[in-house]
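A.B. asks: What follows is the residue order along each chain.
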Amino acid sequence: MQGLEKLMLEKANALLQSGEVDRVIGWKKGESYYDVSPATFTKDNLEGFVYNCFCGANLSKYLVAESKKEGKMLVFLKPCDTYSFNQLLSEHRIEKEKFYVVGVGCNGHLDMNKVYAQGVEGILSMSEDENNLIVETVYGQKIVEKESALLIKCLTCKSKEFAVADETLVVGEMKPANPNRFEEVEKLESMTEAERYAFWKEQLSKCIRCNACRNACPACTCINCVFDNNASGISAKANADEFEEKLFHIIRAYHVAGRCTDCGECSRVCPQNIPLHLINRKVIKDINENYGDYQAGAEVNARNPLVNYTKADVEAKEVVEGGNK
Amino acid sequence: MKKISLANLNELYSAISANYPLYLPVERAGEVNYGYYEEGAKVRLDVLKTVKSPKDCFFPQTEDLMKFKVEGQKIEIIDVREHAKPFVVMGVRACDFKAFDVLDRVFLVDPLDTYYQTKREAGIVITHACGKVEESCFCKTFGIDPVNPLGDVTVWTDSENLYWRANTEKGEALTKELGDLLVEYQGNAVEEQQAKVNEIYAKLPLASLTTESFKNGDMMELFNSDKWQKLSEACLGCGTCTFVCPTCQCFDIREFVTNSGVTRFRCWDSCMFNDFTKTAGGQPRTTQMQRYRQRFMHKLVYFPQNNEGAYSCVGCGRCVKKCPQGLNIVKVIKEFGGKQDA
Numbered sequence: 000m001q002g003l004e005k006l007m008l009e010k011a012n013a014l015l016q017s018g019e020v021d022r023v024i025g026w027k028k029g030e031s032y033y034d035v036s037p038a039t040f041t042k043d044n045l046e047g048f049v050y051n052c053f054c055g056a057n058l059s060k061y062l063v064a065e066s067k068k069e070g071k072m073l074v075f076l077k078p079c080d081t082y083s084f085n086q087l088l089s090e091h092r093i094e095k096e097k098f099y100v101v102g103v104g105c106n107g108h109l110d111m112n113k114v115y116a117q118g119v120e121g122i123l124s125m126s127e128d129e130n131n132l133i134v135e136t137v138y139g140q141k142i143v144e145k146e147s148a149l150l151i152k153c154l155t156c157k158s159k160e161f162a163v164a165d166e167t168l169v170v171g172e173m174k175p176a177n178p179n180r181f182e183e184v185e186k187l188e189s190m191t192e193a194e195r196y197a198f199w200k201e202q203l204s205k206c207i208r209c210n211a212c213r214n215a216c217p218a219c220t221c222i223n224c225v226f227d228n229n230a231s232g233i234s235a236k237a238n239a240d241e242f243e244e245k246l247f248h249i250i251r252a253y254h255v256a257g258r259c260t261d262c263g264e265c266s267r268v269c270p271q272n273i274p275l276h277l278i279n280r281k282v283i284k285d286i287n288e289n290y291g292d293y294q295a296g297a298e299v300n301a302r303n304p305l306v307n308y309t310k311a312d313v314e315a316k317e318v319v320e321g322g323n324k
Numbered sequence: 000m001k002k003i004s005l006a007n008l009n010e011l012y013s014a015i016s017a018n019y020p021l022y023l024p025v026e027r028a029g030e031v032n033y034g035y036y037e038e039g040a041k042v043r044l045d046v047l048k049t050v051k052s053p054k055d056c057f058f059p060q061t062e063d064l065m066k067f068k069v070e071g072q073k074i075e076i077i078d079v080r081e082h083a084k085p086f087v088v089m090g091v092r093a094c095d096f097k098a099f100d101v102l103d104r105v106f107l108v109d110p111l112d113t114y115y116q117t118k119r120e121a122g123i124v125i126t127h128a129c130g131k132v133e134e135s136c137f138c139k140t141f142g143i144d145p146v147n148p149l150g151d152v153t154v155w156t157d158s159e160n161l162y163w164r165a166n167t168e169k170g171e172a173l174t175k176e177l178g179d180l181l182v183e184y185q186g187n188a189v190e191e192q193q194a195k196v197n198e199i200y201a202k203l204p205l206a207s208l209t210t211e212s213f214k215n216g217d218m219m220e221l222f223n224s225d226k227w228q229k230l231s232e233a234c235l236g237c238g239t240c241t242f243v244c245p246t247c248q249c250f251d252i253r254e255f256v257t258n259s260g261v262t263r264f265r266c267w268d269s270c271m272f273n274d275f276t277k278t279a280g281g282q283p284r285t286t287q288m289q290r291y292r293q294r295f296m297h298k299l300v301y302f303p304q305n306n307e308g309a310y311s312c313v314g315c316g317r318c319v320k321k322c323p324q325g326l327n328i329v330k331v332i333k334e335f336g337g338k339q340d341a
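These protein sequence lines are chains E and F, in that order.
Position 131 of the first sequence, counting from 1, maps to 130 under numbering that gives the first Met the number 0, and the rest follow consecutively.
Position 184 of the second sequence, counting from 1, maps to 183 under numbering that gives the first Met the number 0, and the rest follow consecutively.
FYI, nobody ran anything at the bench for these hints, they're computed from the structure.
A hint or two may mislead.
What the hints assert, rightly or not - For each label pair, taking beta carbons as the anchor points, the in silico distance ranges come out as:
1. E/K5 - F/V256: 57 to 65 Å
2. E/G2 - F/E38: 50 to 58 Å
3. E/Q1 - F/R263: 52 to 60 Å
4. F/E70 - E/D240: 23 to 31 Å
5. F/Q228 - E/E129: 36 to 44 Å
6. E/G139 - F/M288: 57 to 65 Å
7. E/T191 - F/G29: 15 to 23 Å
8. E/E135 - F/M288: 51 to 59 Å
All C-beta atoms, glycine included, are put in the ideal place defined by N, C-alpha and C.
Full structure from sequences and hints, please.
C.D. replies: See below:
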């Protein structure tokens, strides 16, 4: 990925120098190879700029705040992130004129938990080539196949298309998207009601209400979330009981229904590794089946089927019965 | 010192849990958190960092404080505090054990927090020395010895045995109750492991991390530093760091209101949240930078100034591993000069 990082850095430098943009949002080096954070950069201050296999975060959420600032910003978006960008445009949360979008080619990003799970400990340094992560540890060198440590969202990559981009930087071939990303949902659908309930009960019982899923979600852009609003009557900082564990996530899924682009940030950021994306993906699958295929963020200002009426729409009765299956 | 073969650990758990609720690291839905032992539980004593720390056993994430029964004009106050029965928390790592000390400094001083105190007194703590260390560990920065924690009992584990040493009267009593399950051990497996772990710790990247610059730093200078803006810029304002932290102790008090009564409970709060310490007068910290600064100033500056220099970080490294955007206390310490030349 060094090739891509070099191109990105050159692009950032060129656009800053020419005055086309005033700021850049990308990733900054941390304490180690995998310890990277989203960061903004300005002219003459691109120190620490990094792009590697751990830069999996979707930067779109930050653009809501950045869009309110003066000047124009260069933003690097992976194919999946571009859908979030378009969705934010459609919802008037950001203005296109404020951003110069450079689409960056992608073959998936990695999850450190999956690297640790392979028994990699005592990490001293890391490097990567096309297919492998080369890890130097206090116990010697370890090679981890990238394919074996992909983020959940990358395993079920929805698209390698750039839904929006002023230009793109792609090094080599992008591997195709996963055509079977609804498989996990189908697995849940094939369970009995009791099994499915038990599955979610166990998963959601881990929830610590840190709100990372909500705060990272590019569709969750309410200025004051109902769950943080003391005047709402349902604000809560903790799950008082089993019911509340589920309530928060179900309400969130309903609120982003038809707007969720399936970017997968919710599952990436969850400290308890709850597969939250599956709740949203189930809604996406249902929308596809009942109202025709729809991908939020594929086009700016597309009508979300849930707020659009066509004669071909499925009857409400069928939806209800479908849900009772 | 005593020992028991790893193959017989379930017998040990059963024996302890026959007399006490036993709270220890268990795997559920793929993640390891502290939970109660029950037949068939997937105990994961081997895991170094549980997602949440064991602070829940003394300071639960939600806890009822009192109830009010309302009948017309009459309001009855119901004390929900139970006389906590003795319980055992097992597997506590040295960093998490030191975190209890931080919590004690908050809850066991005037005004005494009786909810915390009752549980603290009822708890029998079995610590578990680290048989390995990770690159996110920095407990020694805070003077903690990962291979020799105290508590009522200390255990060490290697590939064959669990070694057991009682440290207090409570620990001795528990040991006696377990009778023949534990057998005498005279060898030096523990010392050998300790030396090996210390050797590895010294090689890890955070071995030289130091908080010296905070000891001598000027509070207002640190507070007003322009470094906070950059340090905090990627912060999403979620509460992951505070909720996985073994020393974070802030809570909110809320009420659950029904027609016939009110339940007043407390729940963990996070200084990262935008309504943290919001009062009728408004918000003391209106930006995420200010909230972020509060968290680290509290741990590294305010707390030590009020507690004879004791930091309210124990170097467990959970925030290092869990922040979704790669922000953590190590970056803050280093940014303010906290690294000794190797």
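A.B. asks: All the hints need checking, so say for each whether the structure fits it.
C.D. replies: To see whether the hints hold, each was checked on the structure:
1. A hinted range of 57 to 65 Å for the beta carbons of E/K5 and F/V256 is consistent with their spacing of about 60 Å.
2. At roughly 55 Å, the beta carbons of E/G2 and F/E38 sit within the given window of 50 to 58 Å.
3. Separation of E/Q1 from F/R263 is about 57 Å and conforms to the stated range, judged on CB atoms against 52 to 60 Å.
4. For the pair F/E70 and E/D240, the supplied restraint of 23 to 31 Å holds, since their beta-carbon distance comes to about 25 Å.
5. At roughly 37 Å, the beta carbons of F/Q228 and E/E129 sit within the given window of 36 to 44 Å.
6. The hint said 57 to 65 Å for the Cβ distance between E/G139 and F/M288, and at roughly 42 Å that hint is violated.
7. About 22 Å separates the C-beta atoms of E/T191 and F/G29, a value consistent with the hinted range of 15 to 23 Å.
8. With their beta carbons about 35 Å apart, E/E135 and F/M288 fall outside the hinted range of 51 to 59 Å.
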